[in-house]
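Visitor: Heads up: the sequence lines are chains A and B, in that order. Note that the UniProt record's numbering has the first sequence beginning at 1, numbered continuously upward. Note that the UniProt record's numbering has the second sequence beginning at 1, numbered continuously upward.
No wet-lab data here; the hints were simulated from the structure. Don't take every hint at face value.
Distance windows between CB atoms, simulated [stated by the list, open to error]:
id, chain 1, residue 1, chain 2, residue 2, range
1, A, 366, B, 97, 48 to 58 Å
2, A, 330, B, 76, 52 to 62 Å
3, A, 160, B, 128, 46 to 56 Å
4, B, 112, A, 218, 26 to 36 Å
5, B, 97, A, 506, 30 to 40 Å
Covered by chain B, according to a simulated footprint, are these stretches of chain A (three or more residues, beta-carbon under 8 Å) [unchecked claim]:
id, region
6, 265-272
7, 575-585
For glycine and all other residues, C-beta sits at the position ideal for the given N, C-alpha and C.
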Amino acid sequence: MRLKTSLQKEPKHSELVSCVGWTTPDEVYSCADDHLILKWNLTNNETSTLLELPKECYPTSMHWFPKSAQAAGAKKTGSDVFALTSTDGKFILISRTGRVEKSVEAHKGAVLCGRWSYDGTALVTGGEDGQIKIWSRSGMLRSTLTQNSIPVYSVAWGPDSDQILFTNGRQLVIKPLQANAKPQLWKAHEGIILCVDWNAVNNLILSGAEDKRYKVWDTYGRQLYCSSSHEYPITSVSWTPDGEMFAIGSFNTLRLCDRSGWSYALEKPNTGSIFNIAWSSDGTQIAGACGNGQVIFANVIEIRLEWKNFEATLTASKQINVRNVMNDATEKLDFRDRVIKLSLGHGHLVVATSSQCYIYNTKNWNTPMIFDLKEGSVTLIKQAEKHFLLVDGSGVYVYSYDGRLVCSPRFQGMKAEIFNHQTIALCNDTVAIRDKTDEKVIYVFDAQTGKAMADGKPISHKVEVMDIGLDQCGVTSERRISLVDKNRDLFITSVRVFGAERKIIKLATMIQAHVWNDESNMLAAMTDGKILVWYYPNAIYVDKDLLPKTLYEKDSSPFGKAPQLVGFLGSHLILRRSEGSLISTSITPYPSVLHSYVMNNKWDDAVRLCRFVKEDNLWACLAAMATYAKDLNTAEIAYASIHEADKVQFIINIKDIPVKEARNAEMALLCGNHQDAEAILLQAGLIFRAIMLNVQLYNWDRALELAVKNKTHVDTVLGYRQKFLARFDKSETNKRFLQYKEGIEIDWDKINTKIEIEYQKEREKPTTGTAVARSATTRS
Amino acid sequence: MADEALARAGLHFDEFNKIRVLEPEVAQQTKELKEECKEFVEKIGDFQKIVGTFIDMVDSVAKEVEKEKIKALGARNLLKSITKQREAQQQQLQALITEKKMQLERLLRIQQDALLKEEASQNEFIDQLILQK
């Protein structure tokens, strides 16, 4: 990735430029110490003077009123306004037409910084007098947040607009807006901190200081990245709106960095110090306020994407080169407008420009599908095998690869502009979105209809969810969603639940990132110093004891310190090292082969494969898969191969059961779902078995309840209860048993004959098959 | 005789027999002196003129010299600053070079190493398959 910078031949401002701001991706405003506010039109490269400020007014910062807040509030189009702070202690609200709407006396000494909150309800200013003040939209003083002894050089709002981050000398301070809330402060730099930024999407903090370093922080004040020392102080920092990258300005220096801190590109333009950097709303362009009166513009180009044997590179702002590595064929794709986002995967290249979306098939680069975009600022593209998802400021849209709008899922209070790869997941039939207002909640939608699933009742977790994922293959009813919560625990649950309570099962702890495989339902996760791959995470629904055996661990130390997990394609894991290089490593290809056999019900082939490979984890996978699919023969073989004699015994027993429903119930028991087992039995009218099931589980109350309700085998239950009590040398305390014990004689001969009759009845049932045939079960 | 008498009275005759108050010789000398004086004044005037132009000339030369001096000074400073500028430029280029190096390192060496490793492991896997069959 690289920045393509452009400077004017002659500076348009005669003094140093102190601040810049974007309104649309084609319009920039800049203020300088020559008291001029200039408007730059980037489509025709014209510059015009918007306003001349009074002689005593030297601007220090400007911030445009947030667009999203404007659309939500009163629909006053064209009433764009920005706040300009100046050295004479005032801030001024100026409209787009150049009219001064309000001038407010704000601080003693200069006002050094001013920012609108994300919802547009408040403006915060920080001054040389060390005060931070909150103002209403119309410029009325709401409160004075703090009083420091050092000038406040920079402020930033928290993502929810309820916290303020500001500089206090070498310290960074986060202060909630509530009056008596305790601020959180930490020493961040060795020199005075000059600039901060806080991204709403990834919730990370960026700071730059006179110690010539920039640092990335999380909201707890933990340092995530610290740059090496530059030659000059860092004078400006700025996140892209989507939080994927940030830009750093210093003397004659402009740097583009990844969100994890490492640098994509460095430019050394002849600009003097860059005092302010602003990103356009689509995150593709930068404007910088330069000390020598210039305004520098830069485009982000050379974004490179790889997928299988294809490599797509954004060579210029309107051109993409695609290279097929297999035959070295290159394609040059030209676009009418600036490319904003591109995504390559699942055999398609999706390109969003400022007005249209192009869909290319990797088999045919000549005829893309094209459709118009309503809003020209796509912030996210996510792809699945059958369709892809676009996110822009106003909503989420699922499109098929032939350019048809499939659906547009939405829920109450959705804020589409802050979705990122962690908070939204897509697969062939499901869209999952984590709520922002309540981070414990995940909304799931049917990708075909856009309707919320389970009657609009979202999945809610106990703790805030940070990261979600969906498995990509298999049938719709078995769709699993994975989530990593705030404690970094990884959970898995089914998307569609029928009747029963949703079970959210914990898979692992201390997970930094996780990703599903694109071809089979394998799950890879990154934990401290290890890469974990669950060959068959579904095993947790089948047999919890099998799960550790299906887990493959790989030491991540050969990949440097704290690598990130980026992708899991086929049997390749793609990682990004902490200094930014992409590396790939492979796992054995057998599990995915096994998955494909099982998917097609080729159990014999699967068994043959496992015999060939002779690995326990593969056998464990097969055991789980076969048990889940209720293929008893295969399950028996697989369990035998991993020396689970008890399970083998159980399966052999199951095979002897003549009634299919009873077998299913026993299989459910094998999976540990006794409730399901009982439900199956009762549904099939196998009351006796249901009673015996509860007796065997020592679930006496339930057994008695069933017996009494159906008026059978009350004496059987009582008999077993008596045996149980005798064995443990206890006396009966349960009131209900005491009640029924009266008047019922326990005669074991009678009970045994009754039981025998039940079994006899089962055997004689017409539905019973002979021996357990391969139960070509449809995986319901 | 008469001359003497007249001379006593302070009167003299010159050779053109014109009556004179001064002795003709003295008169002659006076006259000569006057002439000489006039000549002298003229000469002095000329000298002054010459000296004036000379001074002007020297002045202009001085100015020129001063200009040149400042120029030289500037040039010398420029020279000095050029080395500094070069240093700064060098520094900038160096920074760009290290950046590029890091990028290439990232892109080429590490990525390639990883790919080679993967290739090796896959080859090994294939060999294993072949051997087992």
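Visitor: Against this structure, judge whether each hint is valid.
Guide: The hints, checked one at a time:
no. : hint                        : in the structure
1   : A:366 <-> B:97: 48 to 58 Å  : 41 Å, violated
2   : A:330 <-> B:76: 52 to 62 Å  : 55 Å, holds
3   : A:160 <-> B:128: 46 to 56 Å : 55 Å, holds
4   : B:112 <-> A:218: 26 to 36 Å : 33 Å, holds
5   : B:97 <-> A:506: 30 to 40 Å  : 50 Å, violated
6   : 265-272                     : holds (count 3)
7   : 575-585                     : holds (count 8)
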